[in-house]
Amino acid sequence: DTGVSQDPRHKITKRGQNVTFRCDPISEHNRLYWYRQTLGQGPEFLTYFQNEAQLEKSRLLSDRFSAERPKGSFSTLEIQRTEQGDSAMYLCASSFPGRGARNIQYFGAGTRLSVL
Amino acid sequence: AQSVTQPDIHITVSEGASLELRCNYSYGATPYLFWYVQSPGQGLQLLLKYFSGDTLVQGIKGFEAEFKRSQSSFNLRKPSVHWSDAAEYFCAVAALSGNTGKLIFGQGTTLQVKP
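So the protein sequences, as listed, match chains L and X.
In terms of this note's numbering, the first sequence is residues 113 to 228.
In terms of this note's numbering, the second sequence is residues 17 to 131.
Next comes chain X alone, as it looks inside the complex:
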């Protein structure tokens, strides 16, 4: 069965430091991958997506992610973190079974930003 693993449950970085959030997926074919961000009490906002083509994708708020098929990974990066980036981040893959596009999410990574 398809699954998504986010190995880091909680990450703390200093404001201005770089950030990398890890995501690993299990799936045979080319996956459709997403990163969403969730602020407290809010719904999920799409940061970026990968469907095909260039393996380095740019998203909103200065985020980028790189798809690495050999490592089954889709890690999220940001060169300089802002205090407003503190939130919960979810990696997801679109399930192809049934062709509904339903998403399978990882457990999430909580990002804390130190001043």
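Chain L on its own, in the form it takes in the complex:
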């Protein structure tokens, strides 16, 4: 068990550029979550996958954001035409399904995005 891995750890980009982040969950975890954390705030839910199916998206996830989990393993989060307001820490978490909401999420170290 190597934990949830996120890449890159830091990303600096210019406004208007596209960026892509990767998350490798703990093996055999079929649930995967993306959260966004801005400075001084708690993480906010962005989207949820069960296996390869994206089952829920937050209204925070504008049409510039897209997430995939093509084979039910790793996931990518892409932001197109980045804006300064996208600067944040993007956290990925995975879990093995418990009963309904009774699942324990394990978090990666996050990708810190800075948009200049």
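Bear in mind the hints are in silico, worked out from the structure with no lab data behind them.
As the structure is a computational prediction, the values presented were derived from the model and not from experiment.
Accuracy of the hints is not assured; some may be wrong.
Said to hold, decoys possible - Output of the computed footprint for chain L on chain X, the stretches with three or more beta carbons under 8 Å from beta carbons of chain L: (1) 33–42; (2) 54–61.
Unchecked claim - Over the 10 Å line for every Cβ pair with chain X, so calculated as not near, a few chain L residues: (3) 126; (4) 131; (5) 138; (6) 143; (7) 176; (8) 183; (9) 186; (10) 214; (11) 215; (12) 217; (13) 224.
Each residue gets a CB set at the ideal place from its N, CA and C atoms; glycine is no exception.
Since chain L is already given, all that's left is putting chain X on it; use the hints.
Below, chain X alone, put in the same frame as chain L:
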């Protein structure tokens, strides 16, 4: 809508002193509650959770939390704080809508430990 409130944004305690971090949630049914800790530049580590049963739950690193339904609270405690406990602490509740288990977090409490 469900929400979590951590009334204390910043707390400073002396090393060896006791600690209590407050958390209040708004939810009708029995909530699934969590406390996570985040060190600078790191992800979140689970300290403890409450699903059901005994309302006093034990976690890692000597932390415990007590679920009080009457007060809608899930406060985190530690009898003797160590300098390594300095970090940011988040209380969270699992949202039941959609049955995804997504977490709703409080704003966080930053703990500073004085030598």
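Query raised in the report: Which earlier hints can't be squared with this structure?
Result: 1, 6, 10, 11, 12, 13
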